[in-house]
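With the sequences and hints as input, model every part of the structure.
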Amino acid sequence: LAKTTQPISMDSYEGQEVNITCSHNNIATNDYITWYQQFPSQGPRFIIQGYKTKVTNEVASLFIPADRKSSTLSLPRVSLSDTAVYYCLVASNTGGFKTIFGAGTRLFVKA
Amino acid sequence: GAVVSQHPSRVICKSGTSVKIECRSLDFQATTMFWYRQFPKQSLMLMATSNEGSKATYEQGVEKDKFLINHASLTLSTLTVTSAHPEDSSFYICSASVSGGSIYEQYFGPGTRLTVT
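Chains as they are written, first to last, in our numbering: chain A, 3 to 113; chain B, 95 to 211.
Do not take every clue at face value.
To be verified - Partner residues aside, some chain B positions facing chain A, computed with beta carbon under 8 Å:
no. : residue
1   : L138
2   : L140
3   : T143
4   : I187
5   : I197
6   : E199
7   : P204
Said to hold, decoys possible - 35 Å max Cα-Cα, derived DSBU-like pairs, lysine-lysine:
no. : chain 1 : residue 1 : chain 2 : residue 2
8   : B       : K114      : A       : K71
9   : A       : K112      : A       : K56
10  : A       : K56       : A       : K100
11  : A       : K54       : B       : K135
12  : A       : K56       : B       : K158
13  : B       : K149      : A       : K112
14  : A       : K5        : B       : K135
15  : A       : K100      : B       : K114
16  : B       : K114      : A       : K5
17  : B       : K135      : A       : K71
18  : B       : K135      : A       : K100
19  : A       : K56       : B       : K135
20  : A       : K71       : B       : K108
21  : A       : K100      : B       : K108
22  : B       : K149      : A       : K5
23  : A       : K54       : B       : K149
24  : A       : K100      : B       : K160
25  : A       : K100      : B       : K158
26  : B       : K149      : A       : K100
27  : B       : K135      : B       : K114
Think of the hints as simulated: they come from the structure by calculation, not from any bench.
C-beta atoms are modelled at their ideal positions from N, C-alpha and C, and glycine is treated no differently.
Take a look at the structure:
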């Protein structure tokens, strides 16, 4: 299963757009990419999921290039409440379900 | 929709005792549930995949006799930590996929903080 690499931390200011990139060089054909947000002592919250190209929902966009070796989560106009850890997850259901959570990116949004 | 609950949210137990953690899908049926553990300031590690009516599949390095998983219904999975020791202290989180939906879409519970003294 593809190992994922993310920046350890990022700082931003309120109202800015934040882009967090995750590398997954060994992603397999059937693997999906999902991003989660986690606050301290809480379970992860689903943000967005994609397979390729661009996916957009009410809270974020996910950009996946054609080779799928990376993905970028884009958060438009962050607020203080977006301060959290963001995880990219590669999931495979080939030969049994497997998931690999990245180490997570700690986003700190400043006023 | 797609709400997952866990009970208890926090538990403190003495070394050598067993602790049961429940994971429930409140508004959907979940053929497959997952159990993770998370140590402080670390990422989530998948422990096992639980399928309703069958034995759980454990990840490498996870002792199946120590972490007993039961998925007796489409809305409930339980994790029992047997003969708990201080090193088992961790944040245990379950997730569930909607039956008939994509297994890739997991909905997570709020987690259970286990402290073994």
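Verification of the supplied hints:
1. L138: Since chain A brings a Cβ to about 5 Å from L138(B), closer than 8 Å, the hint holds.
2. L140: holds, 5 Å
3. T143: holds, 5 Å
4. I187: holds, 5 Å
5. I197: holds, 6 Å
6. E199: With Cβ-Cβ at 7 Å, under 8 Å, it holds.
7. P204: holds, 5 Å
8. K114(B) x K71(A): violated, 40 Å
9. K112(A) x K56(A): Roughly 28 Å separates the two Cα atoms, so the pair holds.
10. K56(A) x K100(A): Holds - the C-alpha atoms of K100(A) and K56(A) are around 24 Å apart, at most 35 Å.
11. K54(A) x K135(B): Roughly 30 Å between the alpha carbons, so the hint for K54(A) and K135(B) holds.
12. K56(A) x K158(B): violated, 40 Å
13. K149(B) x K112(A): violated, 47 Å
14. K5(A) x K135(B): Holds - the C-alpha atoms of K135(B) and K5(A) are around 19 Å apart, at most 35 Å.
15. K100(A) x K114(B): Roughly 24 Å separates the two Cα atoms, so the pair holds.
16. K114(B) x K5(A): holds, 32 Å
17. K135(B) x K71(A): holds, 26 Å
18. K135(B) x K100(A): Roughly 22 Å separates the two Cα atoms, so the pair holds.
19. K56(A) x K135(B): OK: K56(A) and K135(B) at ~30 Å, within 35 Å.
20. K71(A) x K108(B): Roughly 46 Å separates the two Cα atoms, so the pair is violated.
21. K100(A) x K108(B): Status holds; Cα separation ~33 Å.
22. K149(B) x K5(A): holds, 27 Å
23. K54(A) x K149(B): Status holds; Cα separation ~34 Å.
24. K100(A) x K160(B): Answer holds: K100(A) to K160(B) is near 21 Å, not above 35 Å.
25. K100(A) x K158(B): Distance of about 17 Å is within 35 Å: holds.
26. K149(B) x K100(A): Judged against 35 Å, a Cα distance of about 16 Å means the pair holds.
27. K135(B) x K114(B): holds, 24 Å
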